[in-house]
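Participant: Those protein sequences? They're chains A and B, same order as listed. So for the first sequence, the UniProt record's numbering puts the first residue at 1; every next one is plus one. So for the second sequence, the UniProt record's numbering puts the first residue at 1; every next one is plus one.
Incorrect hints may have been included.
To be verified - List time: in silico DSS-like cross-link candidates among lysine-lysine, alpha-carbon distance up to 27 Å:
| id | chain 1 | residue 1 | chain 2 | residue 2 |
| --- | --- | --- | --- | --- |
| 1 | A | K152 | B | K84 |
| 2 | A | K43 | B | K138 |
| 3 | A | K38 | B | K127 |
| 4 | A | K15 | B | K87 |
| 5 | B | K138 | A | K64 |
| 6 | B | K46 | A | K87 |
| 7 | A | K87 | B | K84 |
| 8 | A | K117 | A | K4 |
| 9 | B | K4 | A | K87 |
| 10 | B | K116 | A | K119 |
| 11 | B | K64 | A | K138 |
| 12 | B | K116 | A | K117 |
| 13 | A | K141 | B | K64 |
| 14 | A | K141 | B | K46 |
| 15 | A | K6 | B | K84 |
| 16 | A | K78 | B | K87 |
| 17 | B | K87 | A | K4 |
| 18 | A | K84 | B | K127 |
| 19 | B | K46 | A | K138 |
| 20 | B | K87 | A | K84 |
| 21 | A | K15 | B | K127 |
| 22 | A | K64 | B | K84 |
| 23 | A | K84 | B | K46 |
| 24 | B | K64 | A | K152 |
| 25 | B | K127 | A | K119 |
| 26 | B | K127 | A | K43 |
| 27 | A | K87 | B | K6 |
| 28 | A | K152 | B | K87 |
| 29 | A | K138 | B | K6 |
| 30 | B | K6 | A | K84 |
| 31 | B | K78 | A | K152 |
| 32 | A | K84 | B | K43 |
| 33 | A | K78 | B | K78 |
| 34 | A | K138 | B | K43 |
| 35 | A | K64 | B | K127 |
| 36 | B | K84 | A | K78 |
| 37 | A | K43 | B | K141 |
| 38 | B | K87 | A | K6 |
| 39 | B | K84 | A | K4 |
Note that these hints are calculated values from the structure, not bench results.
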Amino acid sequence: MSGKPKLHYTNGRGKMESIRWLLAAAGVEFEEEFIETKEDLEKLRNDGVLMFQQVPMVEIDGMKMVQTRAILSYIAAKYNLYGKDLKERAWIDMYVEGTTDLMGMMMYLPFQPADTKEKNLALIIERATTRYFPVYEKALKDHGHDYLVGNKLSWADIHLLEAILMAEECKPDILSAFPLLQAFKGRTSNIPTIKKFLQPGSQRKPPTDEKFVAIVRKIFNI
Amino acid sequence: MSGKPKLHYFNGRGRMESIRWLLAAAGVEFEECFLETKDDLTKLQKDGSLLFQQVPMVEMDGMKMVQTRAILSYIAAKYNLYGKDLKERALIDMYVEAVIDLNELLMTHTFQPADKKEQHFATIVDKATNRYFPVYEKVLKDHGQDFLVGNRLSRADVQLLETLLMAEECKPDILVKFPLLQVIEWTLNGQ
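One chain only, chain A, in its complex shape (with noise of 0.2 Å):
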């Protein structure tokens, strides 16, 4: 019993990846135990430790936790970093939730068939670019701070990081408009306990490629 936060999931990104992210950037090491078979699926599944039969689950602090947005919001709140009231709390959450619907049209990508591929990647660099980037841009443009929200480091600054970086790997000159969003990607990618996570050998995962993209389908018959 280590005591340090357990991640069960596939040895990819998907929906842990934001998890690993936000642990990662709050300092809290933590183990991993990947699925790699439909076999490991089901026993995780039959051993009752999966509430609604999902993953991602990350035992911590006596719980397994399931659903995404459940463990980001009590890994956030536990360390520090969902602002200090509510109000700033609501700002964190409206932000968050926008780059997770990006993360979310860039995590499907490589599931699409081929055919639509070439559109929905369109799609996604037509809503960072006019939808969300202006957005994260703008805030930091207006009160002139360092991080988005209570000039203090939080949650949606992480968020923002990976949607940047995760951004800049469908197409690499995607902040050519954000002057503002650079920097900060400088900045944020700089602060130590971040910076570890984007060396290699580090628990951060590679953009997903064709052969994971077989295993999930495989595990979870999709």
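Let chain A serve as the given structure and place chain B on it in line with the hints.
Facilitator: Then chain B, alone, in the frame of chain A:
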């Protein structure tokens, strides 16, 4: 300026319905501004009132809040429907997220093309009765209390009730195997 929250959405359930439920359960009077045409939506978008160009949007406490979950969390916390500490909140969040998943399935049923409707209906019934309802039934059975978390009303109960009623609209006898869920429906309806 009434000081009441003002909801901007179409005149229908959609993603705003859970917000209406929670405000109502909290005893908060609210006003509604219905979008009736595409132009109504475009106007709001051009006004800069919609952070991500989307509704729901709720004007409250000096903010123009968007994103359903953000709005629900704010209301729940403000009106003490979010548990007493971090752990109760975690449980509430887990229960609520699953309810939202089931709600999505129910909500999208009417939008299914005719040839997919039957299978979608079967999926709803299967997930509701095999994945979701058993969990809440067991929670209520295990602690024997009237409410899901902390022996007092929380957003988890309100959102569950909304979904139970919606599920019954889909299939009237869907709760036949879940006596405690039937009770909670009855209990909460009295609140």
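Participant: Compare the structure with each hint and give your call.
Facilitator: How the hints compare with the structure:
no.	hint	verdict
1	A:K152 to B:K84	holds, 26 Å
2	A:K43 to B:K138	holds, 21 Å
3	A:K38 to B:K127	holds, 20 Å
4	A:K15 to B:K87	holds, 22 Å
5	B:K138 to A:K64	holds, 16 Å
6	B:K46 to A:K87	holds, 25 Å
7	A:K87 to B:K84	holds, 18 Å
8	A:K117 to A:K4	violated, 39 Å
9	B:K4 to A:K87	holds, 17 Å
10	B:K116 to A:K119	holds, 24 Å
11	B:K64 to A:K138	holds, 16 Å
12	B:K116 to A:K117	holds, 23 Å
13	A:K141 to B:K64	holds, 19 Å
14	A:K141 to B:K46	holds, 20 Å
15	A:K6 to B:K84	holds, 26 Å
16	A:K78 to B:K87	holds, 10 Å
17	B:K87 to A:K4	holds, 17 Å
18	A:K84 to B:K127	violated, 38 Å
19	B:K46 to A:K138	holds, 16 Å
20	B:K87 to A:K84	holds, 18 Å
21	A:K15 to B:K127	holds, 20 Å
22	A:K64 to B:K84	holds, 20 Å
23	A:K84 to B:K46	violated, 32 Å
24	B:K64 to A:K152	holds, 22 Å
25	B:K127 to A:K119	violated, 32 Å
26	B:K127 to A:K43	holds, 20 Å
27	A:K87 to B:K6	holds, 17 Å
28	A:K152 to B:K87	holds, 24 Å
29	A:K138 to B:K6	holds, 25 Å
30	B:K6 to A:K84	holds, 26 Å
31	B:K78 to A:K152	holds, 23 Å
32	A:K84 to B:K43	violated, 34 Å
33	A:K78 to B:K78	holds, 19 Å
34	A:K138 to B:K43	holds, 20 Å
35	A:K64 to B:K127	holds, 21 Å
36	B:K84 to A:K78	holds, 14 Å
37	A:K43 to B:K141	holds, 25 Å
38	B:K87 to A:K6	holds, 17 Å
39	B:K84 to A:K4	holds, 25 Å
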